[in-house]
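Undergrad: What follows is each chain in one-letter form.
Number of protein chains: 2
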Amino acid sequence: MKKLKRSQRLVDMTQFLLEKPHDLLPLSTFAERYGAAKSSVSEDLAIIKEVFEGEGMGELQTLAGAAGGVRYIPRMPMDMALAFVNRLCGQLEQSDRILPGGYLYMSDLLGLPSLMEQAGKIIATAFYGVEIDVVMTVETKGIPLAYATAAQLGLPVVLVRRDHQVTEGSAVSINYVSGSHKSIHTMSLSRRALREKSRVLIVDDFMKAGGTVRGMVDLLGEFNAEVAGVGVLVESGAVEKEERLLHDYVSLVKLTEVDSKVRRISAHPGNYFSS
Amino acid sequence: MKKLKRSQRLVDMTQFLLEKPHDLLPLSTFAERYGAAKSSVSEDLAIIKEVFEGEGMGELQTLAGAAGGVRYIPRMPMDMALAFVNRLCGQLEQSDRILPGGYLYMSDLLGLPSLMEQAGKIIATAFYGVEIDVVMTVETKGIPLAYATAAQLGLPVVLVRRDHQVTEGSAVSINYVSGSHKSIHTMSLSRRALREKSRVLIVDDFMKAGGTVRGMVDLLGEFNAEVAGVGVLVESGAVEKEERLLHDYVSLVKLTEVDSKVRRISAHPGNYFSS
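Order-wise, the sequence lines are chains S and F. Going by UniProt numbering, 50 is the number at position 50 of the first sequence; the sequence numbering is gapless. Going by UniProt numbering, 273 is the number at position 273 of the second sequence; the sequence numbering is gapless.
Treat the hints with care, as some may be off.
All copies of an identical chain are treated as equivalent in the list; a pair is satisfied when it fits inside any one copy or across any two copies.
[Unchecked claim] Cross-link-like lysine-lysine pairs, in silico, DSS-like; alpha carbons within 27 Å at most:
#1 Lys-20 <-> Lys-182
#2 Lys-182 <-> Lys-5
#3 Lys-241 <-> Lys-20
#4 Lys-182 <-> Lys-241
#5 Lys-241 <-> Lys-5
#6 Lys-261 <-> Lys-49
#7 Lys-3 <-> Lys-49
#8 Lys-20 <-> Lys-38
#9 Lys-241 <-> Lys-49
#10 Lys-3 <-> Lys-182
#11 Lys-20 <-> Lys-197
#12 Lys-5 <-> Lys-20
#13 Lys-261 <-> Lys-241
#14 Lys-38 <-> Lys-241
#15 Lys-3 <-> Lys-241
#16 Lys-3 <-> Lys-261
#17 Lys-182 <-> Lys-261
#18 Lys-49 <-> Lys-38
To be clear, the hints were calculated from the coordinates, so they are not data collected in a lab.
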């Protein structure tokens, strides 16, 4: 690459860092890339760090020494996260979302990549500092949020299927009880999808009693893997305490009311904001 | 926001543009954000444009006049796309991917958000200049690629389900014939998911005879929507010409051989690179 001026380096380094969250990038990578001295690269990084942290985009961690380098950790400050979630609550409270049976139509919101990206960034922030190897979800609607979260964490996604698919090879299947309907379902994960002892962040779009997430936790047991955390976009508050199958999770939104008679929905910031 | 220096503005503008592909951002947005003159903002943008285009990150389009502004269009140059696809072919040719029945295990690759992002950028590039309103896929494995493509295009995703779900409201269902197995399947799309006359880019992870994609095309007919294009990550070359149900599509990878006896897989760049 031809020699770049500082102004050009700043643009290129910014996109380079944003593209590789959580990767430790040695200063020499940049020095070689730009034909610049390491001291110049350090000065560039100081400018980027100031802007990233000032704008609430996340941290720029600098590690000194031979094995050192720089690492971008996306993090959303609490006030920005709350503003995002309040807007989301407003959208969820639109009365035409109520479906027969008291279900809530959310597919339009789940279909917005930028909204998923923001939500994924908040979940990644919620598990800041937790050791995680992989993000897991079960098909279908939690998939975009799981990928958005994994992208922010620089991690892969493991996808649990409802049925055993020919394209997954040999798989481990379990039965689980949906907490809200007391009905029995199956979920299945390819044997080669998950290493033993992996630390897994479970992500889903919606949680009522927690039966589906509970199923994923049980499935992890079959792989000798561990739950590093559970993050959901929306939790339903319409669950009796004794019915809840899962107590340790982070939610961004809590639905406290979906009344199809008077067509009223109440959505509030989830437990992430009250802990 | 406090007044920023040029070096700081460059970092902030770079992330701002990368975060909002295809959005037309008026220069006044930046001028106000930074307390800077429009002429300074224009100079900043010229620097960013030079780096973005020099590094093959995409275009920075500047529109003059009162309704003008700047727009970032992600595009991957052909040589970078080919290098990415050649690496992907190498990964796909690992013989332990062969599953019983001659299927190929790809879930580990589909589980990498950064790989999906690159592939999505190539598909977005392939449909540069085409008028598109929404990206569509059918569950399950095409979802990450559809979101990655939609993110690059600044568009929403519409998700077709295999079964009619209670959380989707009233839906339109169709039956379709899987071209390779000649078996009948159902797919279903929520009535409110798609506006009439929408121009739709169909994205999927894998295509053999094209029956699934053909089903999505038929479903679009029910919504009076139009096919703007079809992009798939991997196509199977093991299909007789007369069996192929779809002829107009873009593929990034073409599998020419999956021989489970001698455990050999041959993967080559798809038709995107030969047209």
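Undergrad: None of the hints should be skipped; say for each whether it holds.
TA: Hint by hint, here is what the structure shows:
For the identical chains of this complex, Lys-20 and Lys-182 are neighbours neither inside a copy (43 Å) nor across copies (43 Å), given an alpha-carbon limit of 27 Å. Taking the closest pair of Cα atoms, Lys-182 and Lys-5 never come within 27 Å of each other, the shortest separation being 64 Å inside a single copy and 60 Å across copies. For the identical chains of this complex, Lys-241 and Lys-20 are neighbours neither inside a copy (41 Å) nor across copies (42 Å), given an alpha-carbon limit of 27 Å. Taking the shortest Cα distances, Lys-182 and Lys-241 sit within 27 Å of each other inside one copy (16 Å), while across copies they are farther apart (49 Å).
For the homomeric pair Lys-241 and Lys-5, neither the shortest alpha-carbon distance inside one copy (61 Å) nor that between copies (54 Å) is at most 27 Å. For a Cα distance limit of 27 Å, the shortest separation of Lys-261 from Lys-49 qualifies neither inside one copy, at 52 Å, nor across copies, at 55 Å. In this homomeric assembly, Lys-3 and Lys-49 come within 27 Å of each other (Cα to Cα) both inside a single copy, at 22 Å, and across copies, at 17 Å. Taking the closest pair of Cα atoms, Lys-20 and Lys-38 come within 27 Å of each other only inside a single copy of the chain (20 Å); across copies the shortest separation is 31 Å, beyond that limit.
Taking the closest pair of Cα atoms, Lys-241 and Lys-49 never come within 27 Å of each other, the shortest separation being 44 Å inside a single copy and 56 Å across copies. When the C-alpha separation of Lys-3 and Lys-182 is checked against a cutoff of 27 Å, the pair qualifies neither within a copy, at 65 Å, nor between copies, at 58 Å. Only within a single protomer do Lys-20 and Lys-197 lie at most 27 Å apart by alpha-carbon distance; the minimum there is 25 Å, versus 38 Å between protomers. Taking the closest pair of Cα atoms, Lys-5 and Lys-20 come within 27 Å of each other both inside a single copy (22 Å) and across two copies (26 Å).
In the homo-oligomer, the alpha carbons of Lys-261 and Lys-241 lie at most 27 Å apart inside one protomer (25 Å), although the nearest pairing across protomers, at 56 Å, exceeds that limit. Taking identical chains as interchangeable, the C-alpha atoms of Lys-38 and Lys-241 are never at most 27 Å apart, the minima being 57 Å within one chain and 57 Å between chains. In the homo-oligomer, the alpha carbons of Lys-3 and Lys-241 never lie at most 27 Å apart, since the shortest distance is 63 Å inside one protomer and 51 Å across protomers. Taking the closest pair of Cα atoms, Lys-3 and Lys-261 never come within 27 Å of each other, the shortest separation being 67 Å inside a single copy and 52 Å across copies.
Proximity of Lys-182 to Lys-261 under the C-alpha cut-off of 27 Å is restricted to the intra-copy arrangement: shortest distance 25 Å within a copy versus 46 Å between copies. For the identical chains of this complex, Lys-49 and Lys-38 are neighbours both inside a copy (16 Å) and across copies (25 Å), given an alpha-carbon limit of 27 Å.
In this structure, the earlier hints numbered 1, 2, 3, 5, 6, 9, 10, 14, 15 and 16 are contradicted, and the remaining ones agree with it.
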